[in-house]
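Colleague: Mind docking chain B on chain A? Use the hints.
Here the protein sequences come in this chain order: A and B.
First residue of the first sequence: 519, per this note's numbering; consecutive thereafter.
First residue of the second sequence: 30, per this note's numbering; consecutive thereafter.
Some hints here could point you the wrong way.
[As the list claims (entries may be wrong)] Pairwise CB distance ranges, derived in the manner of DEER restraints:
id, chain 1, residue 1, chain 2, residue 2, range
1, B, Arg121, A, Glu675, 30 to 40 angstroms
2, A, Arg598, B, Ser205, 39 to 49 angstroms
3, A, Ala606, B, Ala227, 50 to 60 angstroms
4, B, Arg234, A, Lys695, 30 to 40 angstroms
5, A, Ser597, B, Arg318, 30 to 40 angstroms
Honestly, the hints are just simulated from the structure, not real lab data.
Yeah, the Cβ is synthetic: ideal placement off N, Cα and C, and Gly gets one too.
What follows is the residue order along each chain.
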Amino acid sequence: MSVAAPTRLVRIAGNRPLQDADFRELVLETGELAAQPGQFVHLRIPGSRDPLLRRPFSVAGLGHGKLTIVYKRVGQLTSRLAALEPGAELDLFGPRGHGYRLDGPKTPLAFLVGGGYGAAPLLFLARRLHADGLAARIVLLVGARSAPQLLWRDRIEAEQSWLTAEFATEDGSFGEKGTVLDLLDARLPRPTTGVRVCACGPSPMLAALAAGFPNVPAEVAAEGHMGCGMGVCQGCVLPMRGQDGVGRYARVCHDGPVFDARAIDWPAVLEAKL
Amino acid sequence: MTPDLSVRVGPLALKTPVFVSSGTFGYASEYEGLVDLSAIGAIVVKSLTLDPREGNKPPRIAETPSGMLNSIGLQNVGVDAFIADKLPFLRRIPVPVLANVAGATLDEYEAVCRKLGDHQGLAGVEVNISCPNVKHGGMEFGTNPTAAEEVTRRCRKIVKGALVVKLSPNVTDIASIARAAEAGGADAVSLVNTFLGAAIDTATRRPKLSTVFGGLSGPAIRPLAVRCVWQVAGAVKIPIIGMGGIMTGEDAAEFILAGATAVSVGTASFLDPAAAVAVTDGLREYLARHRIASVKELVGAARG
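Just chain A, same shape as in the assembly (with noise of 0.2 angstroms):
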């Protein structure tokens, strides 16, 4: 029996600071790949014994053999990956877990909501809306604490001829002053019939999304602690509500990313910071 190898070096294409010098785009040359919007990349520095463990990267665009993450350096191993030039290589698995929904019928309107850099997926995920046919209009709202940190604001309004982008910042440096959240509410119809909310963000922005909007049919793309990112270890599993016993946890890798909003013990979420 013959399997192909189901890790492989990547190449970086690409590798640069955004607005915000925190925030870093990278381009990998993956060839051609089939990753799905709200899937990730387990990425590795080759042959690396410290850090030891792949880290899970939201796929944030793909196309023409090229596969983007935007990172935020907050490790060992992102500011390691920071200091890679064009050219050096990554161990790639993936892409895993399950993405946004992309069957089904056609929605009349689908809001794409995305809080600092967990907007990464979201432009990638309305172009797949939009392709497909899968939304009549398609809404992008995204927040960060102040402009800098709106992530790629600049690809985004230039996407406007068929996409309705808008921007909130905590400190009203640009955009509507407050949260996301408060922006979602505030162009949000009445009744919601025939609304779906696709969402990316941390924890707590996705908890409040789930507590403030609860009749409206919302996916999250959760993040967790990960080990294998195959949904072999346990180890980032997170509380889902309404089970006894086993099932009570739910692995991010393999049953997520993305969840039904509704489904999660967010109380429990956010009692364990994850």
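Modeller: Relative to the frame of chain A, chain B by itself:
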């Protein structure tokens, strides 16, 4: 000349000496299509308990220098669901499979072994007396020679295939526990399970794991594990399955040189699903490079 990798571990005749460790390879079906399963020496599946277990609260893993802490808490489907849902796949693959059995009491170990004993498709049982992450996960059996011998003896009466006892390194004298397993009738001992450890997030000033303590694995523990294998190899005659941070063929050779007959790949499978195959290839190359005809010649060769 291709070096001979075949070994015997008790009643098991294995094509290669490279196992995959319990808890790091799921129930193997997850790896179908990703890994050539037939290239693996033997597969030890995730720990089984009598009833399903939901496991510990997250966060369950934390990365540490060249290693990881885990506190999964024996999350598993339970022995009945294993037999109904997982065993049919395992029966189809051309690799010996060992079920890993954990329990809180002697009765539970016996009950799980008895349930498994009625079914084809298993080459044997690995008795987990070393889980550090649950209150009654068997580690009390793994830290006391009398209890270790008793649980081994009870399982031995039930298990017809290979009986392996997995040892905890969280003891003062691991050799005494290994001798107890041998006296109880084990065909082999596997070591080591994870070392108890902890990590604290200095930003939040809280432990990184919900349970505070977890089991440390990965290359960080390799020298500790090699030391344990050396000690146990001097104490028992039954074969040793050595493990702890093996990432390459040379890492595997180190354990074999210390006295292990076989080795097992654990955490490395999380980095590379095909790590066990890479370790096997690396070990074969190592033997060829050093003109060693059979891996059996390497067992304990560093002991002089």
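Colleague: Evaluate each hint against the coordinates.
Modeller: Structure-based check of each hint:
1. B:Arg121 - A:Glu675: 30 to 40 angstroms: violated (55 angstroms)
2. A:Arg598 - B:Ser205: 39 to 49 angstroms: holds (43 angstroms)
3. A:Ala606 - B:Ala227: 50 to 60 angstroms: violated (35 angstroms)
4. B:Arg234 - A:Lys695: 30 to 40 angstroms: At 33 angstroms between Cβs, range holds.
5. A:Ser597 - B:Arg318: 30 to 40 angstroms: Between serine 597 of chain A and arginine 318 of chain B, where Cβ atoms are some 37 angstroms apart, the hint holds.
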